[in-house]
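Work the whole structure out from these sequences, hints included.
Those protein sequences? They're chains U and L, same order as listed. Going by the working numbering, the first residue of the first sequence is number 413, and it counts up by one from there. Going by the working numbering, the first residue of the second sequence is number 78, and it counts up by one from there.
Misleading hints may appear alongside valid ones.
[Unchecked claim] Straight-line distance between alpha carbons at most 20 Å, and here's what the computed PhoX-like set of lysine-lysine pairs gives: (1) LYS452/U x LYS183/L; (2) LYS178/L x LYS465/U; (3) LYS453/U x LYS183/L; (4) LYS450/U x LYS137/L.
[Stated by the list, open to error] Derived contacts from chain L toward chain U, CB cut-off under 8 Å, selection only: (5) LEU123; (6) LYS126; (7) LYS145; (8) LEU179; (9) PHE181; (10) GLY182; (11) THR185.
Hint data in this document are derived by calculation from the structure and do not stem from the laboratory. Since the model is a prediction, treat every value here as computed from it, not as a measurement. All residues carry an ideal CB built from backbone N, CA and C; glycine is no exception.
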Amino acid sequence: DTEVTQTPKHLVMGMTNKKSLKCEQHMGHRAMYWYKQKAKKPPELMFVYSYEKLSINESVPSRFSPECPNSSLLNLHLHALQPEDSALYLCASSPPSTGVYEQYFGPGTRLTVT
Amino acid sequence: GDSVTQMEGPVTLSEEAFLTINCTYTATGYPSLFWYVQYPGEGLQLLLKATKADDKGSNKGFEATYRKETTSFHLEKGSVQVSDSAVYFCALMDSGGSNYKLTFGKGTLLTVNP
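Here you go:
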C-alpha cells in the first residue's frame, strides 16, 4: 500500500476562518511533508517533519501552522489566510533512510480563499 | 545551488508516437534523480527513479537513464497513449545537501491526441 490520503479534497474559506487540512499514511514512513502548488508550477516545499519533529520550515508565514500528532498523521492549520494562498496543498511522505528518500504524494486539497 | 532544467512545453503528440522529454541538472553532490507525473486534478505520482550514474529507471513503458557525463535524465516512451496526457516533472535530491529537499523542474505538459 503506497497511499497517502488527504482530506478534504476541496476547501473554500474566508479570510477570517480557521480550518485544518489532514494527511494520513500507513506505510511506516517517518518523514512527512507539506507542499504548496500554484497552477502550472512545480510544488514548493513548506514544511518537513522527521520522526514527528519539525525538521524544515521554508520561511512559511505563521498563518500556516503544521502539526504532527503521531507518525501517521500530519495536519496543517490555517488561519487568517489571504486570497493569494489559494492553491493545491500536497502532502507527501518518505520511508526511513535507505539512501534514497523518494517521496510519495497524496491527491491534494484544493484550497480557495475568498 | 541545485537546479533542474526541463524542455519547454507543451508537447503534443499523436497516439503511438515516440516521446522524449529532456531533463538536465546541476548539483553539488551525487544526486538521486526522479520523474514524477501529475494527471489533471491529481497529486504527483512517482514514475521512476535512478540513484547513481548509468542506472536506468523504468515503469509503465517509460524509461530514463542517469547520465553523469551529460548531467541528464531524459524521459522516453516508445509508444504514447491518450492516457499518458499529464504534466511530467523531473526532480533531483542531492546527497550533499538536505536529504528531504526535492528540486523540481518547471514541468512539461504532454497532450496525446487519438
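If you draw a straight line from the CA of LYS453/U to the CA of LYS183/L, is it 20 Å or shorter? Within the cut-off at roughly 6 Å; holds.
Take the shortest C-beta to C-beta distance between PHE181/L and chain U; is it under 8 Å? Holds, because the Cβ-Cβ distance from PHE181/L to chain U comes to roughly 4 Å (cut-off 8 Å).
Does LYS465/U sit within 20 Å of LYS178/L, going by the straight-line distance between their CA atoms? holds (16 Å)
Assess, step by step, whether the Cα of LYS450/U is no farther than 20 Å from the Cα of LYS137/L, and give holds or violated. Cα-Cα ~27 Å, so violated.
Minimum Cβ distance from LEU123/L to chain U below 8 Å? Constraint on LEU123/L satisfied, holds at 6 Å.
Would you settle whether the hint for LYS145/L is holds or violated, based on the nearest Cβ-Cβ distance to chain U being less than 8 Å? For LYS145/L, the interface hint is violated, since the closest Cβ of chain U sits about 16 Å away, which is over 8 Å.
Let's test the interface hint: is any C-beta of chain U closer than 8 Å to that of LEU179/L? It holds, given that the least Cβ distance between LEU179/L and chain U is near 6 Å, below 8 Å.
Against the 20 Å threshold, does the CA-CA distance of LYS452/U and LYS183/L hold or violate the hint? holds (8 Å)
Given hint THR185/L near chain U, where the shortest CB pair must fall under 8 Å: Constraint on THR185/L not satisfied, violated at 11 Å.
Can the hint on LYS126/L be confirmed by a CB-to-CB distance to chain U that is less than 8 Å? Result: holds, 6 Å to nearest chain U Cβ.
Was the hint right that GLY182/L lines chain U, CB cutoff 8 Å? holds (7 Å)
Against the hints set out earlier in the document, violations occur for numbers 4, 7, 11.
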